[in-house]
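Listed below are the residues making up each chain.
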Amino acid sequence: MSSKSYKSLSDDIWKNRVDKINSEVFTLTYGSIVAQLCRDFTYAEVNTQLEKMGYNIGLRLVEEFFAKTGLGRCTSFKDTSEVISKIGFKMFLNITPTVTNWSGDGKQFSLILDDNPLTDFVELPEDNNAANELWYSNVLCGVLRGCLEMVQLDCDVYFVSDVLRGDPITEMRLKLNKFLKDEVPAGEE
Amino acid sequence: MSNQLHQTVVETDVDNDFEKQINVSCLEYLLMELGPLALRITDKLEKYSSSSTRESNGSGNGNDNKQVDDFHYGGVELFQNESLVSNEINNQMLDNFGFQIGKILIEQLIFLKNDGISTKMDEILDIMKIIARDVWKMIYQKQIDNLRTNHRGTFVLIDNSHRLISSMYGPDKHRISGLYLNFSCGVIKGVLNQSAFKANVEADLKSDGSVHYTIVVI
Amino acid sequence: MSYYLAVIGTMDNPIYELEFGTFKQQNNGKSLLNQKQLELIPFIINSSLDLIEDLQWKFNKNYFKNYDNFNNNFYKLSCYLTFGNMKLILLHQLDDNLKNDDNIKQFLFEINELYVKTMLNPFYNVNEKIKSEAFDLKVKAVARKYL
Amino acid sequence: MIMIYSLYILNRAGGLIYQKDFNKGLKKITTNDYLILSGILHGVHAIASNISPPSAIPSTIYNNPSFTNTNKSGLKSIETDFFKMFIFQSLTGIKFVLITSNNPISKEPENINTSNPDSFSSSDISINRNINETESILRKIYALYSDYVMKNPFYSLEMPIRCDLFDLKLTDLIKSFSQP
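Protein sequences, first through last, are from chains F, U, B and S.
Count the first sequence with my numbering and you get residues 1 to 189, in order.
Count the second sequence with my numbering and you get residues 1 to 218, in order.
Count the third sequence with my numbering and you get residues 1 to 147, in order.
Count the fourth sequence with my numbering and you get residues 1 to 180, in order.
It cannot be assumed that every hint is accurate.
[As the list claims (entries may be wrong)] Facing chain U, a subset of chain B residues (Cβ under 10 Å, in silico):
| no. | residue |
| --- | --- |
| 1 | Thr10 |
| 2 | Phe83 |
| 3 | Gly84 |
| 4 | Val116 |
| 5 | Met119 |
| 6 | Leu120 |
| 7 | Pro122 |
| 8 | Val126 |
Simulated from the structure, these hints should not be mistaken for laboratory data.
In this text, all values refer to a predicted model and were calculated from it rather than measured experimentally.
Glycine included, each C-beta is placed from N, C-alpha and C at the ideal position.
With these hints in hand, go ahead and build the complete structure from the sequences.
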């Protein structure tokens, strides 16, 4: 499907098939989770815990994604990138990150998040470690990894930069390690 | 107190004051993960402290080496771990998540509702109505179904269907649902605390699946 | 014209303070308060807190204009109480040319909005000092609008 | 008007994780037989896809938003003189098996679409209006699964489904299809 029709599909889903709420409670809830974790653990451990939480969400959320979009398997990793940004992010967070920075082998790309509902109102703690070590929105990496794993795409997902840390942009990197062909459910093709 | 109970009908009043919107599912997944997350944190913290005490007394429990986070994906085997679920740290933590959120939500709601003209709200019944109507709507997309008071500092909020809990089934329902009820109680406490009221809040899951929150103002 | 804004926590602890001047009539927002005054003001504000407490119970309101003064009525104090009982106190002069009353009220009201937004930051705890520079800038932006 | 008898849900390994009868008609078999039946269905489904001639598999069907059944080359339906069995498979490998009466479908497809809040209406996308009723029911069951099983914090993936809310919504859904 062309990128234009993905857009009209996601607009339609967002308009007609999604129950919408204001983002505040979501942002607050996530914030109090991160703040709690930061009180108990090192930032490295916080990142791990956030990713893990996201991964568990991703494993489940993927079903809603397919049930609501009716999409089938992507034809390529390029296709996957479009679906993630134009449909996945759009239908859950109402944002559409830019897909960019493709690697030569077509197995890595970046998502640039211009807007991130998770970080509204957030300012990292003043101590330098937070700005160097904490990936505040790391839950998103976990969600993507979990979703992709459920469709047999073994990927690494991680943040490269974050405006919260003072970086100019917020960039997530997706790296396809392996398409687990043997685990594709029988009967698909 | 049943004879003195006065029933207050909770009115419908939906305000859509905030601007940014997201899919309600995002919040649902997040609230749902609060349980396992708290259990994982507790487990980790216990490991930290038990590894230091173990060194001192020289004896270790073999089970301690089993990493709780190496569970089968989906993450809810954690709920089977009885001692972990009943651990006070989780319940405290979930209560605290709720507390933080309640505190801030009420401040926001008041701010948005009153255009800052008057933020005074001395009647605790008004606060209860805000909890029952607005706060619940923001978190659970539904209002409290019934609000009762004896007008002497005791309030009962009845939620006929708690989204996270009503989907549960089986003998463990009571034990496990406590985690999520602690969160809700925390929210109520947070709102009241920010409104300068101290209260004991207890949640009770009835056999018909409804949840009764009993709030006793101190 | 000079102003001094103080945010006082629920335990009468100052959590934010800023001095600034008017932005009207090509002024640059620099305050004209001198060193001696600056040293005194926190004490003046602190000692006025009891007054607010009294008024609060007497009148069941959340905005008290000119509830106290400083330097023989040259400076006035006005206060806005947030829902969570934080006190937003502004030290200001009276000026007949400005619709001072309304502006001060509006100013404090918008500071309240800034404060509510600060509370949304998960790393901020109630009663903690607000140290962020972004907050300074936002306060000044609001001041530019009204004072 | 078709009659919906029964729904099975199979996990990715072919294990039966849900079984419910909605209408009387089918004979009950033992729990063990249900498990065996599921295992066999899972196996036959896979084998069927293995023996399919590759050239015969339509590829245009991909990404057609009205068609979430990713079961293309596997066993899709079984028909006897007394019932029909449909197998729907999600991209994540969950199978939904619906057993219905084999009466001809009487509902007009247009009706299904207008009464169905979940249907797609975007003009840019060509919609396959020819979805049969069963497909549409299965799609909705999948949506319920994603909403009420996946969002149950106490549900472990791949394990038997015991969710009050899912049961309730499912029964409502089936009822709405059963009413004339």
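Does glycine 84 of chain B hold up as a contact with chain U if the rule is Cβ-Cβ below 10 Å?
holds, 5 Å
At a threshold of 10 Å, is the proposed contact between methionine 119 of chain B and chain U supported by beta-carbon distances?
holds, 5 Å
Residue hint valine 126 of chain B, partner chain U, criterion CB-CB below 10 Å
Result: holds, 7 Å to nearest chain U Cβ.
Interface hint check: proline 122 of chain B, Cβ to nearest Cβ on chain U, cutoff 10 Å. Holds or violated?
holds, 8 Å
Any CB of chain U closer than 10 Å to the CB of leucine 120 of chain B?
holds, 6 Å
Evaluation of the interface hint that places threonine 10 of chain B against chain U, nearest CB under 10 Å:
It holds, given that the least Cβ distance between threonine 10 of chain B and chain U is near 9 Å, below 10 Å.
Chain U contact restraint on phenylalanine 83 of chain B - CB to CB distance below 10 Å
Check passed: Cβ of phenylalanine 83 of chain B comes within 4 Å of chain U, closer than 10 Å.
Was the hint right that valine 116 of chain B lines chain U, CB cutoff 10 Å?
holds, 5 Å
Of the hints listed earlier, there is not a single one the structure fails to meet.
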